[in-house]
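Quick note, the sequences are listed as chains A and B, same order.
When you number the first sequence by the numbering used here, it's gap-free, plus one each residue, and the end is 572.
When you number the second sequence by the numbering used here, it's gap-free, plus one each residue, and the end is 687.
Heads up, a few of these hints could be off.
[To be verified] Here are some chain B residues pointing at chain A (derived, C-beta under 8 Å):
{"id": "1", "residue": "Ser448"}
{"id": "2", "residue": "Asp451"}
{"id": "3", "residue": "Phe463"}
{"id": "4", "residue": "Tyr466"}
{"id": "5", "residue": "His498"}
{"id": "6", "residue": "Gly500"}
{"id": "7", "residue": "Glu505"}
{"id": "8", "residue": "Asp506"}
Since the hints were made in silico from the structure, they are not lab data.
Since we're looking at a predicted model, the values are computed, not measured.
Every residue, glycine too, gets a C-beta built ideally from N, C-alpha and C.
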Amino acid sequence: MIMGPIRRAIDRFRGAGSAAITLPPMDGAIRPNQAIEVATLVLEIEAPDNLVFDGRNIFFSNGAAVLSFDPAATTPRPETIATFDHPVTCLAASAEGTVIAGLNDGAILFAAGPRKGQRLAEVGAKPSCPTALLIDGGTLIVCHGSRQNAPLNWKHDLMQLNASGSVWRIDLAGGAPTCLADGLAFPYGLAADSAREIAISESWRHRVVSARSSDTPLLDNLPGYPARLAPAVGGGYWLCVFAPRSRLVEFVLHERDFCADMFREVEPDYWIAPSLTSGRSFLEPLQGGAIKQLGILKPWAPSRSYGLLIRLDAKFLPVASYHSRADGVRHGLTSCVDLGDRVLVASKGGNAIIALDAAAQAGDAP
Amino acid sequence: MNPLLEMHGITKEYRGVPVVKNVDFTLLPGEVHALLGENGAGKSTLTKIMAGVVQPTAGVIQLDGKPATFATPAVALQSGIAMVFQETTLVPSMTVAQNLYLGEEKFLNRLRGIYISAQQFLQSLNFHVDPTATVASLGAAKKQMVEIARAVRHNARIIIFDEPTATLTPEEKHHFFALVQRLKGRGVSVVFISHALEEALDIADRITILRDGEHIVTDVIGAFDRDKIIRSMVGRSLSGELYRRREQAQVRPAGRRILSVQDLTMGSMVRNNSFSVYEGQITGLFGLVGSGRSETARIVAGAVKRDFFHGGEVRFEDRPVRYKVPAPAVKDGIVYVTEDRKLEGFFETMSIGDNMYAAMLARNLNAGGLFVNMAEMRRLADEWTQTLNIRATNKGVRAVELSGGNQQKLVIGKALLQKPKLIIFDEPTRGVDVGAIGEIHQLINRLADSGLAVVMISSYLPEIMNLSDRILVCRQGRVVEEFTPGQATEEKVMYAAVH
Chain A
207 MIMGPIRRAI DRFRGAGSAA ITLPPMDGAI RPNQAIEVAT LVLEIEAPDN LVFDGRNIFF
267 SNGAAVLSFD PAATTPRPET IATFDHPVTC LAASAEGTVI AGLNDGAILF AAGPRKGQRL
327 AEVGAKPSCP TALLIDGGTL IVCHGSRQNA PLNWKHDLMQ LNASGSVWRI DLAGGAPTCL
387 ADGLAFPYGL AADSAREIAI SESWRHRVVS ARSSDTPLLD NLPGYPARLA PAVGGGYWLC
447 VFAPRSRLVE FVLHERDFCA DMFREVEPDY WIAPSLTSGR SFLEPLQGGA IKQLGILKPW
507 APSRSYGLLI RLDAKFLPVA SYHSRADGVR HGLTSCVDLG DRVLVASKGG NAIIALDAAA
567 QAGDAP
Chain B
189 MNPLLEMHGI TKEYRGVPVV KNVDFTLLPG EVHALLGENG AGKSTLTKIM AGVVQPTAGV
249 IQLDGKPATF ATPAVALQSG IAMVFQETTL VPSMTVAQNL YLGEEKFLNR LRGIYISAQQ
309 FLQSLNFHVD PTATVASLGA AKKQMVEIAR AVRHNARIII FDEPTATLTP EEKHHFFALV
369 QRLKGRGVSV VFISHALEEA LDIADRITIL RDGEHIVTDV IGAFDRDKII RSMVGRSLSG
429 ELYRRREQAQ VRPAGRRILS VQDLTMGSMV RNNSFSVYEG QITGLFGLVG SGRSETARIV
489 AGAVKRDFFH GGEVRFEDRP VRYKVPAPAV KDGIVYVTED RKLEGFFETM SIGDNMYAAM
549 LARNLNAGGL FVNMAEMRRL ADEWTQTLNI RATNKGVRAV ELSGGNQQKL VIGKALLQKP
609 KLIIFDEPTR GVDVGAIGEI HQLINRLADS GLAVVMISSY LPEIMNLSDR ILVCRQGRVV
669 EEFTPGQATE EKVMYAAVH
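If we strip away everything but chain A, and leave its shape as in the complex, we get (with noise of 0.2 Å):
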């Protein structure tokens, strides 16, 4: 009971244990490359997210919108096949045709298909925070991120490190939702695998847990904040992640009074803090670093974005990573279908959809 606190008061003290603000190396099967950073370019789209395939059309949202478009057409033109009043923040589709959607105020809803424009029950405490759906037979699995912010708020759920995110169960024919997993740190994505079991990726702890139990995680210790899972057609599955973790974030994050007085006095795009894109005005924070090379000091400023999608096998190792790195524009990847033939990826971050086809997935790019 007395250990703990001294524990981590000599942890903050000496920088470690629980008080250490290092990172995982990105090495091994995460190695860097520039795969996304030169991927073809299927659409150019402000801010495009969710990306859902139900067999025939690729769904995705742009802002308030839901969008589709055939993914086989040379030059794909995407059509608005729903619009709402608040912004889109997550997607699901069925082969049968059904488009689920979550909005940031809440709301879960269906958006194309027989029930178009019903709602369905609001899970968890209000207001809602949905950020990932996945049809799982007749029912609905939900992310709720938070319980204190709106899913475009994230960035306030990981500075005030919260961890109220849970995951439930909607039956799609009625009925009192079921929660599968509780306590969770922004649960951001969702994947089952054979045998029904739901993978949940856990943003602001870094890792992809089982929604039965998340004591021994399928994936820790990840680089960066994972967003949506997807399932790859060759088996195993795909883990978009939204943005790099760094050292200053880390250290930050310890730093509560220095948070306070951030959210009191900076906007949020401002803030030290990971973000979809980066570089784009000057009032955004720098990390300086520097290092000294045969007697010249090089200095350089580590990205708060980055792009990175990462191949997962059945086990939920990984086996491949496709980059865009702290030079590239392509970042805050947030979700990804797998065609087959090719993945598409949404760049929400650099307002692209991109195609990652077999070649460049084979490639081991410098």
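Position chain B relative to chain A; hints supplied.
Chain B in isolation, oriented as in the chain A frame:
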């Protein structure tokens, strides 16, 4: 040209077992003569006979055409024969300068004068060693430099180098080779033992090859290539096995990340070092001496401690760990096979069985209760001698009497006895002959194939290129580059290590 040194019919037996059999050897004035052979071939014994360290059982030695007997190393030194030993013979508690002038002290010594003189002498050899530093504080490479400097100081006519470059960086080796050329220019004859065949091909004028204590061939350098040398040394061709390049298609898939080193810091040796190690793969760690590879590995294994403040984090099996001593690391499944096997690897006066049993006790002190279980000890000795093909004249042989390759196998056996999940090999084939290198490489491959996470630290690039599934390059205390075998070339890896 008349030979400077001639040895005819030299035989040396230990307890009736011949280690050198009827060997003839000649050394010409001002030549560099490479003496090659597997460990146990009799090279060291032959050179020790030249230097008066051991006496031959039979045979004749002639110096300048006159019969000579070297009863002690001091007698040999007086005759102009100096030897630089593989094992350092320096006094650890004394400074570099004091070691250089050991045995030449006057009644009253002026330390400052000794330091200035030593500094000038070391500079003339291009050895960057602080003469005021205590020898114990020096790394293996610098100790070797001091050892070489001491031999050169005695103005010997014949200098015998036993594995002089094993611990030197490429730059230091370059200086060493230049030094050998300078000595040769002064008319000094050099006998040079090395396991790095390229070195012998680079600097020697003639090569003599021994196998199993017998003389196989002596010829001028032009008559040899690498394959011929290896065939003469081991009796079969191993070039393809030892020096092939690993293809991308042969790379083992990565398993679970078992070790994540994050921003590890220890003084100026390890600085913000970060890397991961995966199960079922060999992670090669290449770097020059002083790049912080061994120090990082020793921190991971609990042999040394990281910085108290902001020392970074080591995560083993996704759990932060901080070992103050190696025992808990061993219990968790991390073992470190040391680069300095003679000092840290085994008890040299104990037998294979004793050493193995001691390793087992390190894992579980209560395994044998209060008493030593002799049957268990014998079983361990038999089992591991067979498993690792440790070649010894008898079961009770002391570790110190084993050849370098077999000693290394003993150290590896002690490590494997701990049933590790992660095994770190630090220079696993340093001072090991080509035959044993092949066996050790096969063993390392087998360990990775069985799913173990293997880290292999090596300064020998062909070894790194041959074995590694991933190549990490260290420079100035951190990993600065990662290559896949498909991408790696010797030039790229070396460039990353130096620039």
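Here is how each hint holds up against the structure:
1. Ser448: holds, 5 Å
2. Asp451: Interface hint status for aspartate 451 of chain B: holds (4 Å vs cutoff 8 Å).
3. Phe463: holds, 6 Å
4. Tyr466: holds, 6 Å
5. His498: This interface hint holds because 4 Å falls under the 8 Å limit.
6. Gly500: holds, 5 Å
7. Glu505: violated, 10 Å
8. Asp506: Holds - the Cβ of aspartate 506 of chain B comes within 8 Å of chain A, reaching about 5 Å at its closest.
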